[in-house]
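Novice: Listed in order, the protein sequences are those of chains A and B. If you're matching positions, the first sequence starts at 1 in our numbering and goes up one per residue. If you're matching positions, the second sequence starts at 1 in our numbering and goes up one per residue.
No lab work stands behind these hints, which were simulated from the structure alone. Errors might be hidden in some of the hints.
You can't tell identical chains apart in this list, so a pair holds if it fits in one copy or across any two.
Claimed, not checked - With a straight-line cut-off of 30 angstroms between C-alpha atoms, the simulated DSS-like cross-links for lysine-lysine are:
1) K144 <-> K180
2) K180 <-> K91
3) K35 <-> K85
4) K81 <-> K180
Number of protein chains: 2
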Amino acid sequence: MLEKIKLPTTRNGKATFHLLLRAAELLFLENGYHKTTVADITQKAGVAAGTFYVYFPSKISLYQHLLTDISHSIRKEIAEKIKDKDSRRDKEKEGIKAFLEYAVKNPHMYNIIWESFYIDRALFRDYYESFSRRYVRGLESALKTAEIADVDLEVVSYILMGVTNFVGLKLILDLGDTPKTIESVVDTIMHVLDHGLFSKK
Amino acid sequence: MLEKIKLPTTRNGKATFHLLLRAAELLFLENGYHKTTVADITQKAGVAAGTFYVYFPSKISLYQHLLTDISHSIRKEIAEKIKDKDSRRDKEKEGIKAFLEYAVKNPHMYNIIWESFYIDRALFRDYYESFSRRYVRGLESALKTAEIADVDLEVVSYILMGVTNFVGLKLILDLGDTPKTIESVVDTIMHVLDHGLFSKK
Chain A
1 MLEKIKLPTT RNGKATFHLL LRAAELLFLE NGYHKTTVAD ITQKAGVAAG
51 TFYVYFPSKI SLYQHLLTDI SHSIRKEIAE KIKDKDSRRD KEKEGIKAFL
101 EYAVKNPHMY NIIWESFYID RALFRDYYES FSRRYVRGLE SALKTAEIAD
151 VDLEVVSYIL MGVTNFVGLK LILDLGDTPK TIESVVDTIM HVLDHGLFSK
201 K
Chain B
1 MLEKIKLPTT RNGKATFHLL LRAAELLFLE NGYHKTTVAD ITQKAGVAAG
51 TFYVYFPSKI SLYQHLLTDI SHSIRKEIAE KIKDKDSRRD KEKEGIKAFL
101 EYAVKNPHMY NIIWESFYID RALFRDYYES FSRRYVRGLE SALKTAEIAD
151 VDLEVVSYIL MGVTNFVGLK LILDLGDTPK TIESVVDTIM HVLDHGLFSK
201 K
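Looking at chain A on its own, in the form it has when it is part of the complex:
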C-alpha cells in the first residue's frame, strides 16, 4: 500500500528532502492537497523540478510520509512524557497533556491528518486504527492490574481519542466563549475520567 520513498543518505540529500517536506506541508495547508502540484512543491522548496522524484515516487507518497512523521512524533512526545509515571491514571493524564501540548505547538497537524479522509480513506483508517491498537495495548495492561474499569477497551480508545482531538481543536481554534489553558482542560478531562460526569463528586 505504502509506496516506497528513497530516504536521503548525504547531508545535502537530507537538506533537500526536508526542504521538499516543509514546502509540501505549507502548500497543503494553504491550498489543500489536491490543488498542490509536484511542480509547486519543487518551486517552493527552491530545488530543481526532477529532484522530487529522487526521493518520492509520487505526491501521495510524500503525503503518506508526512502523515507517518506526525504519527511518530506525537507518539514520541507522549512516550517521553509518560515514561516516568507508574499508574495508568497518571500515564493517561500526562499522555493527554502531551497530546494537547503537541497540538497547540503544531496546529497544522489536524489539517494534514484529517485531509486523509478526503485524499485516501484507507490512510485515515490506518492512522486511527493503529493509534487505537497501541492505546488498547496500554489499557489491557491496566485492566490486568485492575487499574481501570472492565469495559470494551477498543471503544474506550475511540472515546479517549475523541476527547483529546476535540478538546485539542477547541484549544487551537480557540473555539467557544472563554479561552482555556491546557492545565484547566486536562483537569476537567481527568475529573470525568476519574469520577464520570453524573457522579456527585
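Given chain A, work out where chain B should sit, using these hints.
Specialist: Frame of chain A, contents of chain B only:
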C-alpha cells in the same frame, strides 16, 4: 456572512431545489467540494444551467445550506428522542444514541461537515461552537439541579462531542478489529460517564 439563498415556493421549484442539493451532495462526496463546479451540479441534477442561480448565489451558499440542513436534522433527531426523558443522564444517553443512529444512517455527514475545515474555517467554527452552546445550556440546567459534576461545562461539551464523533466514525467506517452495535458502544460510553474510567466499578 451567510449568503442569502432564495427558497423555492412552488412545487416545481421545491423539486428542482432538492434535485440541486442532492446532486451537489453526491458530487461533493465523490469529488470533493473544490473539484465540483456549478455546471457539474446542474448537469447531475438534470436541470438547465441557469437554474442554479435562481436559488443559490454561489456554490458556497449551497454548501452552507447543506451544512445548516445537517445541523438542523441532527438536532431534530436528538430533540425528538430525548423529549420524554426526565434526568439529564437519560437525556444524554438517548441523545448520544440518536446521534450515533443518525451517523450510521447518514454516513456522508462527516464528509460534508468536516470538509468545512478546508472550505472555510469560519463555517467549521460556527458549526461546532453553536452545537457546543446548545450543549452547555442543557448541561447548565443539569448543574442547577445537581445532576452533574460541577466542572467546566464548555470543556465538557467538547469532551462529549469528541466522544460521539469519534465513536460514530468507528461505527460508520467499521474501524478496529471487532464490529460493534450501537447499543454496546452506548453502554461503554455511559459506563465512563457514570463512573469514569479509573473507578473500580
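Novice: Which earlier hints can't be squared with this structure?
Specialist: 3
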